[in-house]
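Enquirer: Going by our numbering, the first residue of the sequence shown is number 142, and it counts up by one from there.
Just so you know, the hints here were simulated from the structure itself, not pulled from any lab data. Everything numeric in this text was worked out from a predicted model, so none of it was measured. Misleading hints may appear alongside valid ones.
[Stated by the list, open to error] 20 Å max Cα-Cα, derived SDA-like pairs, lysine to any residue:
hint : residue 1 : residue 2
1    : Lys-332   : Gly-351
2    : Lys-332   : Pro-311
3    : Lys-332   : Asp-353
4    : Lys-332   : Arg-356
5    : Lys-332   : Ala-346
6    : Lys-332   : Leu-315
7    : Lys-332   : Val-316
8    : Lys-332   : Thr-355
9    : Lys-332   : Ala-321
10   : Lys-332   : Asn-304
11   : Lys-332   : Arg-349
12   : Lys-332   : Gly-205
13   : Lys-332   : Gly-342
14   : Lys-332   : Ser-343
15   : Lys-332   : Arg-344
16   : Lys-332   : Thr-233
17   : Lys-332   : Phe-302
18   : Lys-332   : Ser-412
19   : Lys-332   : Gly-408
20   : Lys-332   : Gly-309
21   : Lys-332   : Gln-345
22   : Lys-332   : His-357
23   : Lys-332   : Phe-308
24   : Lys-332   : Gly-409
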Amino acid sequence: MRHLYRGAWSCVFLIALLAAFELWARLAFGSSFLFNANNARSILLAATQPLLVALGMTFIIIAGGIDLSVGFTVGLASVVATQMMLLLDGSTGIWASMLIGCSAAILVAMVPGLVNGVLVARYGVPPFIATLGMYGVARGAGYLISGGHTVPATNPVLEDFGNAVVFGLPVPVLVTAAFALVMHYVLAMTKFGQYTLAIGGSRQAASRAGIDITRHTIILHVLAAAMAAVAGLVYAGRFSGGNAQAGEPSMLDSIAAVVIGGTSLFGGEGSIPGTVLGGLIIAVIQFGLVFINVEPFWQFIAVGAVIVLAVLIDQSRRRIPSGRA
Numbered sequence: 142m143r144h145l146y147r148g149a150w151s152c153v154f155l156i157a158l159l160a161a162f163e164l165w166a167r168l169a170f171g172s173s174f175l176f177n178a179n180n181a182r183s184i185l186l187a188a189t190q191p192l193l194v195a196l197g198m199t200f201i202i203i204a205g206g207i208d209l210s211v212g213f214t215v216g217l218a219s220v221v222a223t224q225m226m227l228l229l230d231g232s233t234g235i236w237a238s239m240l241i242g243c244s245a246a247i248l249v250a251m252v253p254g255l256v257n258g259v260l261v262a263r264y265g266v267p268p269f270i271a272t273l274g275m276y277g278v279a280r281g282a283g284y285l286i287s288g289g290h291t292v293p294a295t296n297p298v299l300e301d302f303g304n305a306v307v308f309g310l311p312v313p314v315l316v317t318a319a320f321a322l323v324m325h326y327v328l329a330m331t332k333f334g335q336y337t338l339a340i341g342g343s344r345q346a347a348s349r350a351g352i353d354i355t356r357h358t359i360i361l362h363v364l365a366a367a368m369a370a371v372a373g374l375v376y377a378g379r380f381s382g383g384n385a386q387a388g389e390p391s392m393l394d395s396i397a398a399v400v401i402g403g404t405s406l407f408g409g410e411g412s413i414p415g416t417v418l419g420g421l422i423i424a425v426i427q428f429g430l431v432f433i434n435v436e437p438f439w440q441f442i443a444v445g446a447v448i449v450l451a452v453l454i455d456q457s458r459r460r461i462p463s464g465r466a
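Could you build the full structure based on these sequences and the hints that come with them?
Expert: Okay, here's the thing in structure tokens:
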């Protein structure tokens, strides 16, 4: 019976949120909240960065882990990309500069992920401790590379990437949608995805089935770091610069998106469509509270409360017998 409403509450909650903000807009302003193109684009744009991080985080949490370093990995990638492009400014073409800067950012960002994976999988360090340590390392590295300042984006291609609109949708939204489709396919349709679910369901059973848990766990952490790097590149393009603090809110928002979307913190269950729903819920809450002129600090309280609600629902769902009734 659990599968009948696994993740369904997030759909209902999103609809209820949209209905509440729409009613408020109609009564207070005589306009529409949902059926407003600018509002819709703003919500989708707000969801892109935490969603890109959450796509990698989904795999980590499904496998029974957690990664606290992804937020500052976003910032690290953004400053590496912009700093590299700044150094190459004028010495290479803009496309070559873009390619080199983005490649360097992704490669550098993958290092914390690799270290996380090795510490957790090979040396048995608890994920919370290992990734918290890399949280500090990535943070410090980002500040060292940037000198504690925002690094301006001098590459026009990167700026166009962050701000261009295609078919009425911002490019970052299209990029996020493309990655979500790919990650959904990987999780739902490939052996890699099935191994991830199996490890989260029972590590002992997965090991007996012949799955190389150590190797798989390392790959998962590298994948999460790579997705955080993509989020950093999106940030650099949108805001025309790299900042070591660029992804600081993304850690909480990405975990919230995953959990709200129905992925169990106990591992073994989860989906990319659920994470996308969770990311949209976070974005609607954040934009909606600003829309109705609520102090932005209430966003943190609202998101935290929804995380607690999601965990309570997950725990209650796990207590329901898994029979066919």
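Enquirer: Which numbered conditions among the earlier hints are violated in the structure presented, ordered from lowest to highest?
Expert: 2, 6, 7, 10, 16, 17, 20, 23
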